[in-house]
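Colleague: Residues per chain, in single letters:
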Amino acid sequence: GENVEQHPSTLSVQEGDSAVIKCTYSDSASNYFPWYKQELGKRPQLIIDIRSNVGEKKDQRIAVTLNKTAKHFSLHITETQPEDSAVYFCAASIPPGAGSYQLTFGKGTKLSVIP
Amino acid sequence: DSGVTQTPKHLITATGQRVTLRCSPRSGDLSVYWYQQSLDQGLQFLIQYYNGEERAKGNILERFSAQQFPDLHSELNLSSLELGDSALYFCASSPRTALNTEAFFGQGTRLTVV
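Same order as they appear, the protein sequences are chains V and G. When the letters of the first sequence are read in order and numbered with my numbering, they come out as residues 1 to 115. When the letters of the second sequence are read in order and numbered with my numbering, they come out as residues 1001 to 1114.
Hints should not be assumed to be uniformly reliable.
For lysine to any residue, the following SDA-like pairs were computed, each having C-alpha atoms within a straight-line distance of at most 25 Å [to be verified]: (1) Lys110(V) <-> Arg1026(G); (2) Lys71(V) <-> Gly1084(G); (3) Lys42(V) <-> Gln1107(G); (4) Lys22(V) <-> Gln1044(G); (5) Lys42(V) <-> Asn1077(G); (6) Lys42(V) <-> Glu1053(G); (7) Lys110(V) <-> Ser1038(G); (8) Lys37(V) <-> Phe1069(G); (9) Lys37(V) <-> Arg1026(G); (10) Lys42(V) <-> Phe1064(G); (11) Lys107(V) <-> Gln1017(G); (12) Lys58(V) <-> Leu1088(G).
Residues from chain G that keep clear of chain V, each with C-beta distances beyond 12 Å, as calculated [said to hold, decoys possible]: (13) Val1004; (14) Ala1014; (15) Thr1015; (16) Gln1041; (17) Gly1042; (18) Phe1069; (19) Pro1070; (20) Glu1075; (21) Gly1084; (22) Leu1088; (23) Ser1094.
What the hints contain is simulated information worked out from the structure, not anything from laboratory work. None of the values given here were measured: they were computed from a predicted structure. Just so it is clear, CB atoms sit at the ideal spot from N, CA and C, and this is done for glycine as well.
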C-alpha cells in the first residue's frame, strides 16, 4: 500500500519567515495530494490540495509543489503568523480502480511560529 | 462547521467495556472513513464504507468493527477496550468512492479508557 513520509516532525520559525514541510510518497499511482491543518484539539481541515497533473498551486501565503518523478511534494507557507501554529498533515490518495481507496497521511509536522 | 457530526464528543469508559461511536456524514456524501489519532500521533486509517458497503480496511483491530446504515450514518464499535485504545477517533466523509477529493472531518470523539 501507499506510504507517506513527512519531514520535519517539528518546525519552529520566527514570525514573518517562511516554513517548508516536505513529504514523499511510495505509490506512483497516487494522483491527489491534500494538506490538512489541525489546531490543538480540533478536527483536521483542508488548506490546499494538488493533483498529479499540476506542478504547483498557490493560495495567498500557502503554496504546494509536486514532483511526480521524485514522488515528493512540499508545503510552503510565507510570511508566517502566530495563527499558522498548528500540526500540518500531508496525504496521498490513489485513484479509484487501483485497488485501494484510503487517504494515507504523513505523521504530521508541528509548526510553531514565534512572535 | 464541516457538516460531519460525531457523537459523543467525549467518552470515558473502563477497560474491557464496549462502546459505539456514531458519525453522520455531510448531506449527499456516500463515503465514510474512520481514523484513529493517538496522542501526538498521526491519523491512522481504520476503515471506509461507501453507500453501505465496506470498501477498504486499514489497521483496524479485530476488536473493532463498523457499519454504515441505509441512511448513510456510520457506527464504529470498539470492544474489549484496552488502555491503549484511548485516542481521538475521527470520522470523515466525501462524495466519491475514492478519497481523491476533499475529505471533511467531524470534530472527533475523544475516548478515554481507564
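Colleague: Which hint numbers doesn't this structure obey?
Modeller: 1, 2, 6, 8, 11, 12, 13, 16, 17, 22, 23
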